[in-house]
Amino acid sequence: MLGLETIIPESTIWFLVKILFLVGLLVYLVFAAVVVRQVHLMTSTLQVGVELPVKSIAWIHMFVAIGVFLLALLTL
Amino acid sequence: MVDLYVAQNKRNKQKEEHKETVSDELEQKDEQRPVAQVEPESELRKDPGHTHNPLATYAYRPENVCFVNQEPQERVVLLLRRHLVTNITWVLIATGLALAPLLFTWFPILSFLPGRFQFIAVLFWYLITTAFILEETLSWFFSVYIITEKRVIDVDFHNIIHREISEARIDKIQDVTRRVGGIGGTVFNYGDVQIQTAGASPNIVFNLVPSPVRVSGVLQELRTHTEHKVPQKETS
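Residue numbers (this note's numbering), protein chains in the order written: chain A, 1 to 76; chain B, 1 to 236.
Be aware that one or more of the hints could be misleading.
To be verified - Under the rule of at most 20 Å between Cα atoms (straight-line distance), these lysine to any residue pairs were calculated in the SDA-like manner:
no.	chain 1	residue 1	chain 2	residue 2
1	A	Lys55	B	Gln73
2	B	Lys150	B	Val68
3	A	Lys55	B	Pro114
4	A	Lys18	B	Asn159
5	A	Lys18	B	Ile128
6	A	Lys55	B	Thr130
7	A	Lys55	A	Leu73
8	A	Lys18	B	Val68
9	A	Lys55	B	Phe132
10	B	Lys150	B	Leu55
11	A	Lys18	B	Phe119
12	A	Lys18	B	Pro114
13	B	Lys172	B	Pro114
14	B	Lys150	B	Leu110
15	A	Lys18	B	Gln73
16	A	Lys55	B	Leu110
17	A	Lys18	B	Ala98
18	A	Lys18	B	Leu110
19	A	Lys55	B	Glu135
20	A	Lys18	B	Asn64
21	A	Lys55	B	Leu55
22	A	Lys55	B	Asn64
23	A	Lys18	A	Leu73
24	B	Lys150	B	Ser111
Just so you know, the hints here were simulated from the structure itself, not pulled from any lab data.
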């Protein structure tokens, strides 16, 4: 690690780590979107009267993922 | 000269008689039209397994249940899911995932990262835990086995992106086998119900469903009912 710092500045290393975090969170955002899509498919396959809460949970999950992504973008 | 007043009266009378005849015919047609059978709430409550709980794993004649490709007069007789106990494994895993960040206080493996990176890492960890819980819950909730008066349907969501629906008609069922095994199955009364069908229809297996004996009993009733209906249709 010490050797690496002489080649690459510390700020660049943390910038690369930030990029890794953001890429990971972006992949998770795609997954969250897939969850919303699949919940829609699931509720259209079977209706038992709890479609609204289930869809709400999927959307809230997606908004939380977006929030964490934005937080990482701004704070890291 | 024609007595118009009398003629008008006669005409009105004829019209009224015609109207009565038409309304009588309509009433007769209404009586002959099959009325949608609506079971009163008191009758439903007497059936064992009838419940209003949308999370139930065994629901006899559930209300407000619809599924894809349901026929207009087709009603759900039994709605089944895997027994609740079968979820213990992933619940324990999820609990471990949720408590894992607490270990970081004793084993600071993220100490090389600055504080803000550690915070985002912990948030990301909980997002992954949430995704795991969501996927397992949705997979359990929407993977159902449905028995109607006409068909047996297996709706399977293997994971969040893979859906499989198999169905077989009740009159094509040749054999029903139930299997209860293991400590969990014996203690909590859950097991498999295997349905063998005739011809090219796939065999359907209800995996880890509660009360497999009652399930096979319901299937047997429906098969018997279907067998008795078919000869009547052939004679008419």
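Does the structure break any of the earlier hints, and which numbers would those be?
-> 1, 3, 4, 7, 8, 10, 13, 14, 15, 16, 17, 20 and 24
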